[in-house]
Amino acid sequence: MFISIYSPAPVVWHLQMAQTERRDAPGLPDFFQLKRLARDQLIFLLEELPGKKDLFIDADLMSPLDRIANVTILKQHEVDKLYKVELKPIVSGSDQLCFLIRPRIKTVKWISDLVNSDKTAGRFRRYKIIFTPQKFYAYVTTDEWNFYILPLDDDILSLELPEFFRDTFLEGDQRWMTTGGGALHLLQSVYGSFSKVYGIGRCAKMVYESWRELTEEGEQRTRQPEFAKVFLIDRDVDYVTPLCSQVVYEGLVDDIFRIKCGSVEFGPDVTSSDKSIKVMLTSQDQVFSEIRNEHFSNVFGFLSQKAKNLQTAYDKRRGMDIQQMKAFVADELKGLKQEHRLLSLHIGASESIMKKKTKQDFQELLKTEHSLLEGFETRESIAYIEEHINRQVSMIDSLRLLCLLSITENGLLSKDYRSLKAQYLQSYGMDHLLTFANLRQLGLLEEQQTGETLTVMESKVGKLVNDKTVGKLTDAFSSLAKKSNFRALSKRLALVPKYGEEYDLRVPRDMAYIFSGAYVPLSCKLIEQVLERDGWTGLEEVTRMLNGQEFAVTGL
Amino acid sequence: MAFVTANWNPLGEAFYRKIELYEMGWNLKDALTEYLVAAAPYGGPIALLKEHHRRSPGARPQLEIYSSSGVPLASFPWKSGVVKQLGWTVSDDLLCVQEDGTVLAYDLFGRFKRHFSMCNEGSQNQVLETKIFHSPYGTGLAILTGALRFTLATNIDDIKLRRLPEVPGLQEVPSCWTVLTQDRQIKVLVSSGPRLFLLDNTACTPVTPPGLSPQATSIVHMCVSFSYKYLALLTDSGHLWMGTSNLKEKLSEVDTKIKTAPRQMAWCCRPKSQQPSAVVMWDRLLLVVGECKETIQYHLDSDSILVPEMDVVRIISATHHELLQEVPGPCEEIFKIASMAPGALLLEAHKEYEKESQKADEYLREIKEQSLLTEAVKQCVEAAGHEHEPETQKTLLRAASFGKCFLSNFPPEQFVTMCRDLRVLNAVRGYTIGIPLTHTQFKHITVQVLIDRLVYRKLYPLAIEVCRYLKTPEYQGVQQKEESDEDIAKAVNTKLADAAGIFYSEIATKAYESGRIELAIKLLEFEPRSGEQVPLLLKMKNSPLALSKAIESGDTDLVYTVVMYLKNELNRGQFFMMLRNQPMALSLYRQFCKHQEQETLKDLFNQDDDHEELGNFYVRASYKEQARDQVIALYLQRLEARMSLLQNAVDEYYKAKNEFSAKSTEDEMRLLRLQRKLEEEKDEPLVGFSLHETMITLLSVGLHKQAEQLYKDFKVPDKRFWWLKLKALAEKEDWEELERFSKSKKSPIGYLPFVEVCIKHHNKLEAKKYVSKVMPEQKVKAHLAVGDLEGAAEASIERRNESEISTVLSRCSAPSDQALIDRLNRARASAVKK
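Going down the list, the protein sequences come from chains A and B. Counting from 1, one number per residue, gives the positions in the first sequence under full-length UniProt numbering. Counting from 1, one number per residue, gives the positions in the second sequence under full-length UniProt numbering.
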């Protein structure tokens, strides 16, 4: 078993565990402890402000908080009313205000404005600010709710930090590195130390450093570790994977209904009633746990089989005597009913997905993605993207395709870049000039450096040094141009199966099945390779293409 | 108590006493005479070098340094040349004068400090004799060279060699010579045969001591007092002449009756003493000679050396360290047998009081009657200062304290100070420390110097204790000046390395408070918690380091802390420059400005000439003005603001040579103007829409001409325009217009979209109109879209495309379309065959 830290979606930083296929793998540790720790600390902090109080919560903390301590628990600890932080003047009548917020400048500014306006109005109130997961400025004494990790499922932990990607990769803010370190430290102190740590990327390294510092500071604990290995990967090591359309069931549910904090809200079209239903998507949900990772094309078959089984189970009633019937009602009926309910929800969801995703458009989108990954028919793909933009199919999808194009092709040709950008601006407005600037800064969407500029520079410098170093220089220049090297990587690691090969999605032979057999996720492949080799040896070429910064440490 | 006077010896009016200070802790293998010895004044260290006179090249004599009590401080083999003389400087550094005139300076612990030469370059002369002396100018050095010339350096810290004039008629090494200070000049007194010469910078003057006994033919030994006030000359006839060092006055002349040359001579006179006396030492005999005719003789058990001090003479032998002094006045008054001095009476009174005898009252009464009680207390306090035995000190102080009780207005300072001083003195006199200072010396060198010396000897805890005890602020006191900051930091780290939970920041704070900023910074290097490191660095005003440390730590808050601090501390230009060198701090500050100080952000970009970012900045700003306002005037005002911001953006983009962005922004401005114009004319909200949205809106309200105009003005690609017009018309269900549009020219997007869009709006009839126009390869799709299976089948068969045929087949349902199915199957079979 191992833990990998990486973000499946560009904006969420997840800490994911996955089980190896080994049968003898030990069971998963009980993550309930983490929840209880977080809840106890929060309650303690709330109790520090005795009496009735209104609680203001940052919007993005709402869902995670719900998983830790629901409204009933909060009410038990004298929380009167709950408000979402909206950065607007408040209407609370309470004399005690408690703020549970992320360390953000604008939120703190809002609170200080609020306190000041109370002051001018001559109103006396008590205020308490709880930052999570860590404090803001060291100066002010505020409280810290060390809520680092939210167990989303039996095997998925999440840091629930929506700003992580933007702060770290775009704004150059390393605030969350220590949070990462703190989270790992927490895991380690609860479940024992890890035997091996692997990582790649600048942030991974920083997280590791901060974690190591914490470990050195604190006391050593020798416990039988419940985790064997940790893998830290920077998001920017593998941009391609999150840019591809998801085609497994869970991915599609996320695409269409948005999974937030491990739960999803199914609208009336799914529930076939007039109400929306919120469903927790965990492995507790038996139907879901069986189809979540299945390619969507298999899901219907599976669901109908399941429905038949259910029917059979129900049908058992016929011909039962009273005794049997009694046992049936007592033992099985409830389970069957529950299964029934879930099954109908998932069937509804699948229908909804079918409606949206089996249309011509989606098929063509997938086709384009696949040709981009394979590097074939680039012109056709560009034409498709252009049409996609022109027809205003989807603002995000267009950008996603553009990014995928840029990364797989090491940047767009100047001519294409300009024309596509102009098209996009015409469709969605000029303000996206800024979007493009940001994407370029991230290296997600770039204009190819005209070959000349680089060659000129190279030859200039090359004259100054001997031939041996020229090779190195060329490497340096290519990294200067932030080449994503996707094509070379994909060849080296066999990420894209050969074109035209049949891929049986029912019996997947490798990880590529999650992208209909078109692509093996780079990050997963890396983990597989490193675990196989127990380190980075033999992967030097790969790490060089990923801009290095890899490490493997035994015992911490 | 009774034996206080036991070791007193009378000399004229005065008494002399010899007190044992220490039993020496060293273990010397040879007699002291075998060594070259130098003992520093004020109870300083003692240096020994054996076999100094042997010249065998292989010999590596050991140079050893001990404290006054014989505790070893350092020892190292002597590797340099032949040493003529050892001596100590005023700051307790060891000077080793070599035969060749090179002087090597070592510290107390035998670490080499520096070297310099006393010989002029090229001079091959050997050094014959050397004297190291202390004057108000510092430590000086005088040498007698092989050419029988004297060279003088007044202060070795600022070496200026002075060659003194030749002594007329000097043919051989003078029998004795010494260094004097007179009229703020350093002079050398030389005895050459029967004559005496005084050498100064310019001249050599013959002098005659007044009243020197005529029997003498030459002077064999001479010495000056510690204060250079007195001079003593010993003649070959055994007469000791004593007088002032200016040779104007004679004090006395005593016949010692010993004609051999003495080993050493020294003055023993306490300040203010009326009776200075000289101490002359022969091999085993010590003679104290005063003004009177009598002398005191002491027999010495072993070879010794004399160390003159300002008020005493110390006698160091291989086994013992003794002190010879004239019994100080108050002690004499109190302890003299049958003394009736007030102090003596008070001591007696206190003794009786302790015995609970009424005699105490009698004695007290006696003092009081003479109203001498104040005097008595003072005497006791002073006498305590001069006593070496703590017990005697205590007795005297108790007596003083007892007497004080009967005085109403006696100021306590003297008593308190004395108690404290004695506490300190007793501590430093202790065997392990080994600094046998007298109270007079202590007062002379001051506490600061004593503390410096303790620190120099690395006796930090004691130094700190002394400071605390005497309430001297520590920063004045304990400082390690000699060692480099690096070494101290390392030393601290080595000592504390194993201990967990050491807060280096606290140590560093101390160092900072002591004014040792560099040291504090070095110490902070060991502090693992940057949270502790950075604020202290800020406090120390080392902001660049604080900033880089904060960045290293990766703790955003720390970086912010420093950045905000710097922002207030530095002027804007400096601040920006500093940020410029730290990209991470810069990016964080930009983030902050984005939320808090838009204008500053602009300045930041301006400073870096980052026109690209400035352009982006203006674009962002322009979108802040986007909100619609109900009041038309305000609305227009905002629009104006927006336009001017965009114009700024255009300018910046041009400066950044980003033609694309500049052009796009210009287009946007053009669009805004057009939108506004159309808004006014047609009363349709348009401002803020993208070009695409604008055209759609125009089309959907039937303003085809205007949409057309935009399409031309903004060079909208044909495909886009067709797509959007198609969509807009269909949405409006303006089928007539759609048809007209389809016929306006050949569709760049083909006609399948026409079919699809009609179907989407459930207008099969309209859809069918376009099926025929669809390109052959899309025909099947088109037919299927309108539900025309037959047409689709027809088309697919015509194209003999297997997959298309299959698609059509899959749409056919069995019984109703049986004929079609058969046909298609046949066609497929033939297509496959082909």
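Check the hints yourself; a few may be wrong.
Ranges of calculated distance between the beta carbons of each label pair, as one might list FRET restraints [claimed, not checked]: (1) A:Y127 x B:L636: 51 to 59 Å; (2) A:R318 x B:Q818: 34 to 42 Å; (3) B:K764 x A:I277: 51 to 59 Å; (4) B:E708 x A:K109: 42 to 50 Å; (5) B:K764 x A:Q363: 43 to 51 Å.
Only pairs whose alpha carbons sit at most 20 Å apart, straight line, appear in this in silico PhoX-like list of lysine-lysine [unchecked claim]: (6) A:K260 x A:K278; (7) A:K109 x B:K769; (8) B:K760 x A:K356; (9) A:K35 x A:K75; (10) A:K357 x B:K781; (11) A:K357 x B:K760; (12) B:K259 x B:K293; (13) B:K705 x B:K719; (14) B:K378 x A:K415; (15) A:K109 x B:K655; (16) B:K732 x B:K781; (17) A:K355 x B:K760; (18) A:K367 x B:K760; (19) B:K510 x A:K106; (20) B:K378 x B:K351; (21) B:K378 x B:K336; (22) B:K594 x A:K106; (23) A:K415 x B:K705; (24) B:K663 x B:K682; (25) A:K106 x A:K128; (26) B:K351 x B:K293; (27) B:K745 x B:K712; (28) A:K415 x B:K746; (29) B:K746 x B:K773; (30) A:K88 x B:K624; (31) A:K355 x B:K781; (32) B:K745 x B:K769; (33) A:K316 x A:K334; (34) A:K306 x A:K275; (35) B:K773 x B:K719; (36) A:K415 x B:K663; (37) B:K510 x B:K471; (38) A:K367 x A:K357.
These are calculated hints, taken from the structure and not from any lab test. The beta-carbon is built from N, C-alpha and C at its ideal position, and this holds for glycine as well.
Hints, one by one, checked against the model:
1. Hint check: A:Y127 to B:L636, Cβ distance near 42 Å, so the stated range 51 to 59 Å is violated.
2. The hint said 34 to 42 Å for the Cβ distance between A:R318 and B:Q818, and at roughly 40 Å that hint holds.
3. Hint check: B:K764 to A:I277, Cβ distance near 37 Å, so the stated range 51 to 59 Å is violated.
4. The hinted window of 42 to 50 Å between B:E708 and A:K109 holds, with their beta carbons roughly 49 Å apart.
5. Range check, B:K764 to A:Q363: about 24 Å between beta-carbon atoms, so the 43 to 51 Å window is missed.
6. Annotation: proposed proximity of A:K260 to A:K278 holds, straight-line Cα distance about 10 Å (limit 20 Å).
7. At most 20 Å may separate the alpha-carbon atoms for a hinted pair to count; A:K109 and B:K769 exceed this at roughly 62 Å.
8. With a C-alpha separation of about 14 Å, the suggested pairing of B:K760 with A:K356 holds against the 20 Å cut-off.
9. For the given pair, A:K35 sits about 18 Å from A:K75 by alpha-carbon distance, which is consistent with the 20 Å threshold.
10. Proposed proximity of A:K357 and B:K781 is supported: the alpha carbons are some 19 Å apart, at most 20 Å.
11. About 17 Å separates the Cα atoms of A:K357 and B:K760, which keeps this hinted pair within 20 Å; it holds.
12. Taking the CA atoms of B:K259 and B:K293, the gap is near 17 Å; set against the 20 Å cutoff, the hint holds.
13. Distance check on the hinted pair: B:K705 and B:K719 sit about 18 Å apart at the alpha-carbon level, within 20 Å; holds.
14. At roughly 105 Å between alpha-carbon atoms, B:K378 and A:K415 are farther apart than 20 Å, so this suggested pair is violated.
15. The suggested pairing of A:K109 with B:K655 is violated, with an alpha-carbon distance near 35 Å, which exceeds 20 Å.
16. A threshold of 20 Å between alpha carbons decides the hint, and for B:K732 with B:K781 the separation of about 25 Å lies outside it, so the pair is violated.
17. Among the hinted pairs, A:K355 with B:K760 is consistent with the structure: their alpha-carbon atoms are about 14 Å apart, no more than 20 Å.
18. At most 20 Å may separate the alpha-carbon atoms for a hinted pair to count; A:K367 and B:K760 exceed this at roughly 23 Å.
19. Note on B:K510 and A:K106: the hinted pairing is violated, with a Cα-Cα distance of about 38 Å set against a maximum of 20 Å.
20. Straight-line distance between C-alpha atoms of B:K378 and B:K351 comes to about 17 Å, which keeps the hinted pair within the 20 Å bound.
21. Between B:K378 and B:K336, the direct Cα distance comes to roughly 17 Å. Compliance with the 20 Å bound is thereby established for this hinted pair.
22. Of the pairs offered as hints, the one joining B:K594 and A:K106 holds, with about 10 Å between alpha carbons and a cut-off of 20 Å not exceeded.
23. At roughly 31 Å between alpha-carbon atoms, A:K415 and B:K705 are farther apart than 20 Å, so this suggested pair is violated.
24. With a C-alpha separation of about 28 Å, the suggested pair B:K663 and B:K682 falls outside the 20 Å cut-off, and the hint is violated.
25. Pair hint A:K106 plus A:K128 holds up; C-alpha atoms about 17 Å apart against a cutoff of 20 Å.
26. Simply put, B:K351 and B:K293 have alpha-carbon atoms about 38 Å apart, too far for the 20 Å limit, and the pair is violated.
27. Among the hinted pairs, B:K745 with B:K712 is consistent with the structure: their alpha-carbon atoms are about 16 Å apart, no more than 20 Å.
28. At most 20 Å may separate the alpha-carbon atoms for a hinted pair to count; A:K415 and B:K746 exceed this at roughly 27 Å.
29. Taking the CA atoms of B:K746 and B:K773, the gap is near 10 Å; set against the 20 Å cutoff, the hint holds.
30. Simply put, A:K88 and B:K624 have alpha-carbon atoms about 18 Å apart, close enough for the 20 Å limit, and the pair holds.
31. Of the supplied pair hints, the one linking A:K355 and B:K781 holds, its CA atoms being roughly 19 Å apart against a limit of 20 Å.
32. At roughly 16 Å between alpha-carbon atoms, B:K745 and B:K769 fall within 20 Å of each other, so this suggested pair holds.
33. With a C-alpha separation of about 15 Å, the suggested pair A:K316 and A:K334 falls inside the 20 Å cut-off, and the hint holds.
34. Distance check on the hinted pair: A:K306 and A:K275 sit about 25 Å apart at the alpha-carbon level, beyond 20 Å; violated.
35. The hinted pair formed by B:K773 and B:K719 meets the criterion: a straight-line CA distance of about 17 Å does not exceed 20 Å.
36. Taking the CA atoms of A:K415 and B:K663, the gap is near 15 Å; set against the 20 Å cutoff, the hint holds.
37. Of the supplied pair hints, the one linking B:K510 and B:K471 holds, its CA atoms being roughly 18 Å apart against a limit of 20 Å.
38. For the proposed pair A:K367 and A:K357, the alpha carbon gap of about 13 Å is at most 20 Å, so the pair holds.
In summary, the numbered hints that this structure violates are 1, 3, 5, 7, 14, 15, 16, 18, 19, 23, 24, 26, 28 and 34.
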